[in-house]
Structure formats: structure tokens, C-alpha cells
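What follows is the residue order along each chain.
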Amino acid sequence: MNADRTFRQPGRWAVLAALVVLAVVMLFPFVIVTLNAFKSPAEYSSNGPLSLPHGFYLDGIIAFWDRVDFGLKLWNSLLISGVVAVAAVVLSVLNAYALGIGKVRGRLWILVLFLVANTLPQESLVYPLYYLSKEVGLYDSKLAVILIFTVIQAAFGTYLLSSVLGQFPRGILEAAEIDGASRWRMLWGIVVPISRPTLSVLLIFFFIWTWNEFFLPMVFLISNDNQTVPVALGVLQGEKMMDATMSSASALLGIVPAVAFFLIFQRTLTRGVTVGAIK
Amino acid sequence: MAPPVAGAARPRGRGGYWLYLVPSLVLFLAIIVVPFLMNVATSFTRWSGVGTPTWIGLDNYTKLFKDARFWASFEHNVALIIAMAVVPTIIGLVLAAALFDYIAKRFGGRTASALRAAFYLPQVLPVAVAGVVWGWMLHPSYGAVNEIFGIKVNWLGDPDIALATVMAIMVWFQLGYPVVIFMAGLQRVDPSLYEAAEIDGASWWRRFWHITIPQIRPEIFVVLLTCTIAALKVFGPIFVLTRGGPGSSTMVPSYFSYLNFFEKVNVGYGSAIATVLALIIVVVTFLFLRVQMGGQGRDQESDS
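Going line by line, the protein sequences match chains A and B.
For the first sequence, this note's numbering assigns the number 279 to the last residue and increments by one with no breaks.
For the second sequence, this note's numbering assigns the number 1304 to the last residue and increments by one with no breaks.
Chain B on its own, in the form it takes in the complex (with noise of 0.2 Å):
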């Protein structure tokens, strides 16, 4: 607007929010940053958590690359992934897509509400909460699924279906997070798409595949991210439901690095665990934003 005179105001202007900064970074610094540089130091190291660690280079990662137990770890996050993103954001998109356009218009509104309401309530919970209510349901010996269904099935305690199970109690907790932020998504399409789709005879499912999807776009993308990254760093319903086993039928890196910090005390490979998990969600994230700040990018431009 006027570039003297800011120019001449800002620099001495600018110095001044530093001190805003300073309570935070001084936190920050104690937190987050000196415990991850001494979380990726331990992890060179062998270290029982007392007395002082014994450097050992890269042997913690080079004993990992061939830990049998870490690499199924990782294919367990891939199958939580699957059940904690993938699945919820298919259904939560048939769900939002019906409710909004189809439940909404011929049931009104209120309908659409309530039963959105419903499909959410499971996200309130706590998610150690979630486990507990579940650990109850699917208890082998009194439990509520088994006594309705006359069966003895050890939903948990069985190592070929406990996976399942859990893949199973995430997709009922995880679903209402989609189908909300995807009717949020469609009050801002124009409703005019719809009614000339609507006059042009196309059919719902038609509707479905070429307005809705393109047109909420940047929620399904925010969903997949956010829940993909819960997916990876999933920890309580583990602990509370299978505490990895039976075996380790249903162990994850973040329970794995948990085991090995306290329980076994084996810290440095614990930490080592950690640190690769950091990687993989540091590397998530990232793509995240710089898909995130594509989109932003004429904002930036006008702030400089």
C-alpha cells in the first residue's frame, strides 16, 4: 500500500513479537525438541534406562531390518490403515452422500441429523474408553456378543481373528469422523449442481460419482491424511484390548517400542523403534502439507 512507510515501521516493529515467542520455544525446547534429539541419540546405544549407555552405532537399526516381530508390526499398521481410513472413508462417503442427498431431501433434515448423530457417538469416546467397552462386549467368557449369539468365540484371544476383531472396532469408531466432516463438505457445493443433475434425469449414483466425490475433494484428502497418520501411531485400543497378542498377533511399532522401553528395558531398541515411526510420520505429514500448501499458495505470496 504505502512501502515507505511500512518499510521504515517494520524492521524495529518486528523485533518486538519475538518476546511473544519466547514462553513457548523455551517449553518447546525442554519438550519436544531436546527429548526427540536424546530419544534419536539412545537409539544408537544399548542402554537398560539406569547407568550410562554403551554406544553401539547402528546396531540397534541393523538387528531391527531383521526383526521379524517389527516387520509384522508394520504390517499390522498397514492392516489398521486400512480399517481406520480406507474402509471408514468409502462408507463414510456412501453414508454423507445419502444422507445429504437423498435422506435429507425426502425424510427432512432432522432425520438426516439424528442419524448422523448416531453414526458419531462411537468418536466421542476415549479411545482407551472404546477398548474397555469392547474388551467387555467380546469377553470370552461372559461377554455380551457371545451370550446374544449362543456362540464361544475368543473374539481376542484367538490369534488368527484377533486382528480382524480389532480392524473391526476401529471402523465402528473411527466411521462417524468421515461421514461428519463430509456433510460439512457438501453445505458448501452449490445445490444448483444438483438440481440440473437432478433435472437431467442422472440418478443418484451418477450424482454421487460426478458431483459429490469431485466436489469434496479436499475433505476425502484431509480424512485419508489425519487417519492414516492416527492409524500409524494407534496405541491405546492395543494396549487395553490384545496388549499385542495373542503371540504378537496384533503388536504395532508404537506398543513394540513401548514393550521394549518398559518392560524389557532394552531402551536403545526401543528408541530406535521410535525413531523409525517418527520418520514414517514426519514423511506422511509432509506430503500432507505440501499437498495442503499447493492449494494455500497464492495466500503466502500476498503476505511476503
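If we strip away everything but chain A, and leave its shape as in the complex, we get (with noise of 0.2 Å):
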């Protein structure tokens, strides 16, 4: 025992150094990103990538801000996540209110159509979409894409609420029933305040998701006004403009943000992470 206690001693230190290594190297861009921001094009040239900035140089950061509004492009992207995450929490509750409490006839299928909605590739949509948004003169505004993920989001919603709500425990809803309540008041005032848990899990995602998205926004949104964080940073990747230093300030202002969130949503997420497992 004690023979096999020292003969193992050496190795456990050897496995977690290997973990921490490929920690290193996994967290190595957000450093190497984060070093540089802070860095003048000129002392990027002469001290390369990896030395410390030499105290806080902020023009490359400031530059970018200005030169993207990013400030806007915040607004855009927390004002479509926003709605989003709402619109699409309250058309799956609904929707789940049918199927899973209602039992509606034909359910199963309808849970298969919003499946499969869900799962189906943007690009068999956006040309139509692009389309039709012009004929109704909804292209290049937020709504547009809002409706869009709205529903999107929704489909998912539905099918992931509609089994949590089959398993609702029926007592409470008959005993309401018999005290006449009626179904929208039923919904409201015992369903949605029993589920909250998850509604909030779910509208976590879907406003994380809906900030993550890049293809249809970057079709839909094509004025400066209108764009979000993933799209302006995407777009303007590799423009010849932009040095060294300018283009890790404008990944660092992309990392940021989805950072924060991760960091205020984090026991929610991994208590959650296995719901977004389905999609």
C-alpha cells in the first residue's frame, strides 16, 4: 500500500500538470487577445505578442468603439436578445400549455413539426425570408429578425417545456378547476408561477443564443444602424484598415460581453447546460 502510495505520488502530479497545460492552451487566445488590446501598434511591432503592455493604452479600444458605434451595436444586440428571450418564453409556454396540459389531439405531431423547425439549416429559409421581408417592408429592421428568432427560439421552447409541463402535477389544476377557475387564469396564476424555474433557464438560453446568432442577422441587418455585436465584428474582420493592435481591441469588445454573461448566468447555465444538450 505504502510502496504503491510513492510509486503513484510522481504520476498524479504528472496528470494534473497535463490538464493545466491543455487549460493553458485552451485559455491562451482571451490572454493573448486581452495583452494586446492594451498595446500601441508600435510596441506591438517592437515587443511583440507576448510582453505586457506598458500601462494602459487605450486608443486602439476607443478607435474601434468610435469608429463602429459599438455602443450601438450593444443596444441592438441586448434590445433583439431582449424581446426575443420574452416573445419566445411566452409563445412556448402557451404552446406547452396546450400540448402538455391540454393534451391536444394530433400533439405528438405538432411536437415533431416544431422539432424539426427547429433543427432545419437557416439557408433553406433566408432567401424567402429575405424576400418576403422586402415585400412587407420589413428588411434590414430588428423586427424582422426578431419575428425570426422569436419563432425559432419558440419551436425549441415548446418541445423542451411541453414534456417538463406533461409532468405537471394534475391535483393542484383540478382543484382550481373545481374553485372555476378558468384556463387563462389557471395558466397565469398556478402553471407559469410553478414553472419558473425553468422558464428561466429557458429564457437565459434563448437570449444567449439569440446574441450568439450570426447568418440571418448578418443578411437581415445590413445597415450600421441595425447591426449587432457578432455581426459588425464579423464583418469587419480582416479589413485592411484595421492593425494589429485595433483588431484584437475589436475581439477583445466581442469576448467581453459574452464573458459577462457567462459569468452572471453561470449557475444557471450549468445547471441547465444539459437542456441546451437537445439542440
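Simulated from the structure, these hints should not be mistaken for lab results.
Hints are supplied without guarantee of correctness; some may be wrong.
The calculated DMTMM-like cross-link candidates involving lysine to aspartate or glutamate, where the alpha carbons are at most 25 Å apart (straight line), are [as the list claims (entries may be wrong)]:
1) B/K1063 / B/E1263
2) B/K1105 / B/E1198
3) B/K1105 / B/E1195
4) A/K103 / A/E177
5) B/K1152 / A/D243
6) B/K1105 / B/D1200
7) B/K1264 / A/D140
8) A/K134 / B/E1075
9) B/K1264 / A/E135
10) B/K1063 / B/E1075
11) B/K1264 / B/D1059
12) B/K1152 / A/E43
13) A/K103 / A/D179
14) A/K142 / B/E1075
15) A/K103 / A/E174
16) A/K142 / A/D69
17) A/K134 / A/D225
18) B/K1264 / B/E1075
Join the two chains into one complex using the hints; note that each chain is given alone, in its own frame.
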């Protein structure tokens, strides 16, 4: 036993060391982007990417911020993702109430339809949506993107929430029914408050998924006033006017909100990450 | 429970619940069903996006099956499935088991969760931002990777290595997802299984093969399938990093259809590509659903 211990000792540190090295590799891009976002172009070319910055050089970040009007991009992303998250949760609740609790006829097929809708590639919808949105005057508007993602996210939310509400305790609802509560009041007075933990996980997921979307927002939001953060960064990537440190400043501005959401929502996310597994 | 009462109350009751589906069904029809059918219809036409489409039957599809770029784009999709589903699942299994069954026991749960968070962090980025980060790191003239190693490699501009570079980036991006899912799955494994195996003197490797993998098979399945679908759909990183190039060395179906829609204004041809891609993804999803429903069979029965 004792011999075994001493024999193992170096081995266990080797395993830890290997995992730490891997973790450093995974985090390396975050570190290197942050280091170089605070350097001047001259400093970057003379000292290279690995040196620590001499003080806080903020010109690169400020120049990029002003050039793309980053505050507006943040607001656009927040607005679109926030409205989509709330609207998609409301739609998911209404659908799941009918499918999971109401058990309407043909619910299995409706669920399959919603799930297929959620997995369809956006490429197979994009051109007709682009064409139709031009016809009704919604092209290049935040509303178009909000409507599209509300439906896409609600399709997933319906699928998930229906199975959750399918196991809703019947007794509570029957008691309320005997007391003469209408269906509408039972939904908002009983079902929604009791399912609040699941609904908040869904809300956060919808928000982050919508924030992270790139393809459809890129097609629909062409004017600078409407673009979201990932679209603005994605279309500017590799532009010749950007020097090394301004590029890393732009990458940093994309990283910061995402990491902030991760830290804020971390507990809910790690609890609900299996929810995302189905997507 | 009480069939006669339920039978009498339900038919009238059920009808009312339909009303709650109406808002979604209207939006769903306008935003998913009609556009999807329009896309399928357009795939049988030649159309530049303005004027009236010309019906050409299956011409787009016959052209598609002879188009080398189309086949190449699916080959690249297979490469991305390896990079986004297969490799992260294999590495993720080893990492999750090492963190759960080794690090957590010998160095404490905090060390294990800190390492898990580090592996997961790339996953929180919007995939387009991940592309911006690596586009900067690998820039041919000022990229950090070349500067650090003192080399001059055009990682994304050399057709021989561009796809391998994109694959490596996607492994980095995707790896945290299986690690987190597998570790969550391991939480529900009965600890006495591991204890018994340890008392019997089973090595870590044997516990990995005979306990870890069989116990979290459902999670492995979910990760493989969801990542495969994500790999089939991949667009953002390709758009940001390479635009399918150089040449068509990193072309994927989603970007190929985008190119035909919005740059070459071959809308009919783009629609055919998108329809084929949708068909493949729906088939993969159905395979997934069938297995998933197989596990839920008993629940469904008690509902009806």
C-alpha cells in the first residue's frame, strides 16, 4: 500500500500538469487578445505579442469603439436578444400549456413539426424570408430578426417545455378547476409561477443563443444602425484598415459581453446545460 | 383513474386548448412553413431574385450532382464532423473521466471545476467572435501565432492547410461542451460502482472502459448527434475566417448556398443546395429522435 502510494505520487502530479497545460492552451487566445488590445501598434511591432503592455494604451479600443459605434451595436444586440427571449418564452408557455397539459389531439405530430423547424438549416429559409421581408417592408429592420428568432427559439422551447408540463401535478389544476378558475387564470396563476425555474433557464438560453446568432442577422441587418455585435465584428474581420492592435481590440470587445453573461448566468447555465444538449 | 368522468369532461375541454396554439401556428406558418416550401419550389427554377422564376424541373439537381464544388463542400463537412463531433467527444470523454474520477478525488472538487471552466470558456463566445479571435491570432502579416514561433505560415491562406487550420479552431471551440455534458452525466452514476471497482483493484483505464463509457452512453449519443448537426450547419467560422477559400478548399454547403443566393444571384441553384442540406439534417434528426423516443416509449403510453 505504502509502496503503491509513493510509486503513484509523481504520476498524479503528471496528470494534473497535463490538464493544466491543456487549460492554458484553451485560455491562451483570451489572454493574448487581452494583452495586445492595450498596446500601441508600435509597441506590438517592437515587443511582440507576448510582452506585457506598458500601461493602459486605450486608443485602439476607443478608435474601434467609435468607428463601429459599438455602444449602438451593444444596444441592438441587447434589444433583439431581450425581446426574443421574452416573446419566445411566452409563446413556448402557451404552446406547452396546450400540448403538455391540454394534451390536444395530434400533439405528437405538432411537437415533431416544431422540432424539425428548429433543426432546419437557416439557409433553407433565408432567401424566401429575405424576399418576403422586402415585400412587406421589414428588410433591414430589427423587427424582422426579432420575429424570425422568436419563432425559431419558441419551436425549441415548446419541445422542451411540453415534456416538462406533461408531468405537471394534476391535483393542483383539478382543485383550481373545481374552484371555478378559468384556463387562462390557471395558466398565469398556477402553471407559470410553479414552472418559474425552468422558464428562467429557457429565458437565459434564448437570450444567449440569439446574442450569438450570426447568419440571419448578417443577411437582414445591413445598415450600421441595426447591426448586432457579432455581425459588426464578423463583417469587419480582416479589413485592411485595421492594424494588429485594433484587431485585437475588436476581438476583446466581442469576448467581454459573452464572458460577462457566462459569469452572471453561470449557476443557472451549469444547471441547465443539459437542456442545451437537445438543441 | 375514473374513466367515465374524464371521458365526459375531456372532449369539450380539449377543444379550448387549441386556442393557445393559434399565435404560434400563425407565426410558424409565415416564418417557417411557407418560406421552406418557397425554397423547395424555387429549387426547380432558374431565378435571379427579380422578375419571374423560370421552371426548369430537376436541372438544378442534376447540375448539383455533377458539380465538383458541391461534392467538395460535403467532404469538408465530413472533416468538420470529425473536428466538431468525433474528436471533441473522444477527448471530452477522457477529460471528463480524468476530472471526475481522478482530479476531483485527489486534488478536490474545486480544482476539477476550475479546469472544467477553463475548457468550457471558448464555448461561451459567439462563433463569429471565435472566428475574429483566431483570424487575428493567425493573421499572415501580424498574427500572434507566427510572431511567437518566429515562423511565416499562412494558416488560412494556404489551400493545403486552410481546412486543417479551421478544423483545429473548431476543436478548440467545441471541446468544452462534451466535457461539461459528460461531467454532468457522471454525477448520476452510482459512486459505489467506482468504489467497488477500486477495491477490486481495477485500474483507472479499466474503470474508464467498463464503468464511465457504458454509464454515460445517453450523453455520448446526444453530444455526437447535436455536434454532427452543428457541423453540417456550420457557417459563421467559414464566413469570418476563409469565405470558403482559398479557391474552394474550405467551402461548405451552407456557405456555398449563401454564395449562390447573394453573390452569384443563382437563387434557384442556391435553393437546391439548401434543400439537400435540409434533407440531410432532417434525416439525421429523425434518427436521433427515433432512438430518443425508444427510451421514452413507456411515458408516451401512459399519456394516451
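Now the hints, each set against the structure:
1. For the hint pairing B/K1063 with B/E1263, the CA-to-CA distance comes to about 19 Å; that is within 25 Å, so the pair holds.
2. With a C-alpha separation of about 12 Å, the suggested pair B/K1105 and B/E1198 falls inside the 25 Å cut-off, and the hint holds.
3. At roughly 12 Å between alpha-carbon atoms, B/K1105 and B/E1195 fall within 25 Å of each other, so this suggested pair holds.
4. Distance hint between A/K103 and A/E177 is fulfilled; the C-alpha atoms sit about 16 Å from each other, no more than 25 Å.
5. The straight-line distance between the Cα atoms of B/K1152 and A/D243 is roughly 18 Å, inside the 25 Å bound, and the hint therefore holds.
6. Restraint check for B/K1105 and B/D1200: the C-alpha separation of about 18 Å stays at or below 25 Å, so the hint holds.
7. Taking the CA atoms of B/K1264 and A/D140, the gap is about 21 Å. The hint holds against a cut of 25 Å.
8. Proposed proximity of A/K134 and B/E1075 is contradicted: the alpha carbons are some 35 Å apart, above 25 Å.
9. For the proposed pair B/K1264 and A/E135, the alpha carbon gap of about 21 Å is at most 25 Å, so the pair holds.
10. Simply put, B/K1063 and B/E1075 have alpha-carbon atoms about 18 Å apart, close enough for the 25 Å limit, and the pair holds.
11. As the CA atoms of B/K1264 and B/D1059 are separated by approximately 17 Å, the hinted pair is consistent with the 25 Å bound.
12. Taken as a hint, the B/K1152 and A/E43 pair is honoured in the structure, with Cα atoms around 20 Å apart against an allowance of 25 Å.
13. Distance hint between A/K103 and A/D179 is fulfilled; the C-alpha atoms sit about 22 Å from each other, no more than 25 Å.
14. Among the hinted pairs, A/K142 with B/E1075 is inconsistent with the structure: their alpha-carbon atoms are about 36 Å apart, more than 25 Å.
15. With a C-alpha separation of about 15 Å, the suggested pair A/K103 and A/E174 falls inside the 25 Å cut-off, and the hint holds.
16. Distance check on the hinted pair: A/K142 and A/D69 sit about 17 Å apart at the alpha-carbon level, within 25 Å; holds.
17. Proposed proximity of A/K134 and A/D225 is supported: the alpha carbons are some 18 Å apart, at most 25 Å.
18. Restraint check: the Cα-Cα separation between B/K1264 and B/E1075 comes to about 22 Å, which is no more than 25 Å; the hinted pair holds.
Going down the numbered hints, you'll see the structure goes against 8 and 14, while the others check out.
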